[in-house]
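On the provided structure of chain A, position chain B as indicated by the hints.
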Amino acid sequence: MPNEISQLLLHWSDGDQTARDKLLPLVYDELRRLARNYLSRERVNHTLQPTALVHEAYLRMIEQQHISWHSRAQFFGLAATLMRNILVDHARQHNAAKRGGGAFAVSLSEADRFGTSPDVNLIALDEALQNLASQLPQHARIVELRYFGGLRIDETAKVMDVSHATVERDWAFARAWLKKELTKQ
Amino acid sequence: MNSPQRMQQIQEIFHATLERKLEERHTFLQRACADDPALQNEVAALLAAHADADSFLQTPAYEPATQHQAETATQIQMTPVRRTVSHYEILSLLGKGGMGEVYLAADQSLGRKAALKILPARYTTDADLVHRFEREAKAASALNHPNILTVYEIGRTDDSHFIATEFIAGETLRQRLKRTRVPLPEALDIALQIAAALKAAHEAGIIHRDIKPENIMLRPDGYVKVLDFGLAKLIEATNNPDEATTQTGMILGTPSYMSPEQARGQKVDHRTDIWSFGVVLHELVSGARPFGGDTQADLMVAILQHPPATLPSHLPEQLQTIITRALLKEPQQRYASVSEVIEDLKTLRRKVEFASELKHAVQDNEVPTMRQTAEAVTLPLTPDLHTNAELPALNTVATLVPAAARFPVRAVLIGVALVSVLGLSSLYIFKPRPFIQPVLLMSTPKRELTWWLTVQQMRGGKLDGTPFQSHGRDFLAPGSKFKFNLTSPQTGYLYLLNEGPTTGGKVSLNLLFPTPANNNRNAAVTAHQTFQTSNYQLDTNEGVESFWIVWAANPIDEIEAVKATAKPAIQDAAQSAAILRRLNEYASQTTIQPDESKELTKVSGKQVLAQMVKLKHR
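Chains as they are written, first to last, in our numbering: chain A, 16 to 200; chain B, 18 to 635.
Chain A on its own, in the form it takes in the complex (with noise of 0.2 Å):
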């Protein structure tokens, strides 16, 4: 599998969009079966805490000699829109099972580790990112990959092919944007 996936990085680097159509799928299982299993009991004392799933997903995916920068940065900058599906996705099930749907049930410690600060309120935040998005997408778009994607300054810049400082002032105010929007409701 890692050959395949490397082989459609390499495609979708060269323009070809069905590449990562392809691509989205194979990504998204590996992301949600890796975001199991750090929720799951078994593994509260592993290891690896949640730090990485991102980075941990481009590792056992990849095969890395044959990747550019251009595609890594493609990599992440996919990886961060679908972990943003996945724990939005997670958030919800986990607001159905404590209505009482019982589908995806995690005990609230193991939910607190996966969204550590407890001030955010995922869905809402959701909503509010695509509401920004319809007005700024490229701050949207900045939120996605250091929130969702655990992505520094510095990486968000080279993904979006932006400058530093503009990324920081981007970052800065939706932010504040988001803040506002999140504490009107």
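Hint data in this document are derived by calculation from the structure and do not stem from the laboratory. Keep in mind that this is a model prediction, so the values were computed, not measured. For every residue, glycine included, the Cβ atom is placed at its ideal position computed from N, Cα and C. There could be a bad hint or two in this list.
[As the list claims (entries may be wrong)] One-sided and incomplete, this derived list gives chain B residues near chain A with beta-carbon spacing under 7 Å: (1) M24; (2) Q28; (3) A62; (4) L63; (5) A66; (6) H67; (7) A70; (8) F73; (9) L74.
[As the list claims (entries may be wrong)] Partner residues aside, some chain A positions facing chain B, computed with beta carbon under 8 Å: (10) K37; (11) P40; (12) Y43; (13) L147.
[Claimed, not checked] Pairwise CB distance ranges, derived in the manner of DEER restraints: (14) A:D169 to B:M18: 31 to 37 Å; (15) A:T181 to B:G478: 39 to 45 Å; (16) A:S178 to B:K155: 46 to 52 Å; (17) B:K363 to A:D176: 26 to 32 Å; (18) A:S149 to B:V561: 45 to 51 Å; (19) A:N136 to B:G239: 28 to 34 Å; (20) B:Q606 to A:S149: 56 to 62 Å; (21) B:A51 to A:T181: 26 to 32 Å; (22) B:Q22 to A:E142: 21 to 27 Å.
Positioned in the frame of chain A, the structure of chain B alone reads:
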């Protein structure tokens, strides 16, 4: 929704305002949005959200905040340069040390992460030495213990030797020590885990030889891992004795953890690890090393001849005994084995846990809890009102648990002795009894207090923007309403005073807390409770308002004497002067650390903490 042009305008004004000094922002914003109040409101709301955003979204959705090393370890490599060693792809540099460089690597055959230590060539030119190193490292790699870093592989390529070990996401004990003081129970837990690793290694006939905080990793889940067993020997063996003062110093770093026999270059056995462990334990519990010196020569003399520094007096005596025994100059006088150290540490840990449980049991019943709802009140902060000391009635409702009778101190001491004799099961006999001072058990603990302001700017009698947090060192807008928030991990007595104007050397003091309406004249406040004062309001002129925050282990008699009056103020010049002298004395022994990023101020010291807070408004 805003039009793109509008959105652009909002952003521009937002950033431009942020570039101004805090006190200029309001005027600037007003000017920038001169004819457009809606625009001004929008930007003001964003600025308020920005001030309030703090750590909002700063930690990625799935990443705990504490993992310093993990963060650096898992950065994406920004450089396109890539290196492969054997079947490991090097991802990033984790650190540099005497043993060469350590990298985060991906094991391509097994699809797992590893830490890859690549030995510098100078250690690997001597074939015999390399052979001995490999033998030793292999013996170490056979150690299978939860507190010892697992060695995956010892290997070589054409140009380098390497050791691949498990990768730990966490920080070193050195990083931890730099961050904050380690609380005693946590320190003992870490020490016991290090000792467990040493015990396992010694039983397998392996000596570490270089126990120091840099070689100890703390995992976020609480596991401690000791690194680099047996590797120090390689460095020792390759060092030319002539280079001892320069080269060795560089390679080994500080000799602070070296045993006397190591310092003399004599043969060492497992007891050298017991010594180094003693040094680490001393640093772990006190934050300072037991031996010091301005130069390496002085340090060596201290290690060889001087007794270790004594621990601060708030730490249990038994801890000093353990450290002293581990740090005896002659190896045969030290603890004979790590097992003995572990036994003593466990006994100590039980005592500490017991004391802490007792403390909690006591705290549950000790201090009246208090709830209050407060409306804004205007303080007499204008000069002419000060002399009258007319405090307006505080519109405050305080709910109080009736004060319980104090236990005579002697009875408490007997009680504590009894509990110790009877063991933990008797603890609950004492649980319902109020007012056992934990101080009696723990001997002068360090006191801490964290405070911050909640500020609401006002304009024309109306709220202006949303409330924000402040550490109290910025200028506040005239007319702002504010309240103090205070919290401490200890129980104690809290006083808040407001200084009146000084006219002809006369200073009056107004007691803002406690008052008849505020906590029913009771200064006692519970541990871990965030206490909020009433709202106060600055006058609309420029000026400075001085407050005293006092946080004490015991009630302060001079202040207690005046607090019973209906309008608690200290107007007698001599009395005020006496109190101010005391407060200044306390303040000189108080450490104040403002935290700019979190907008709060941490205050710490001994029995009584005092800080004068000057709120500037203009």
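ask   = Are there hints from earlier that the structure breaks, and if so, what are their numbers?
value = The structure breaks hints 10, 11, 12, 13 and 17; every other hint is satisfied.
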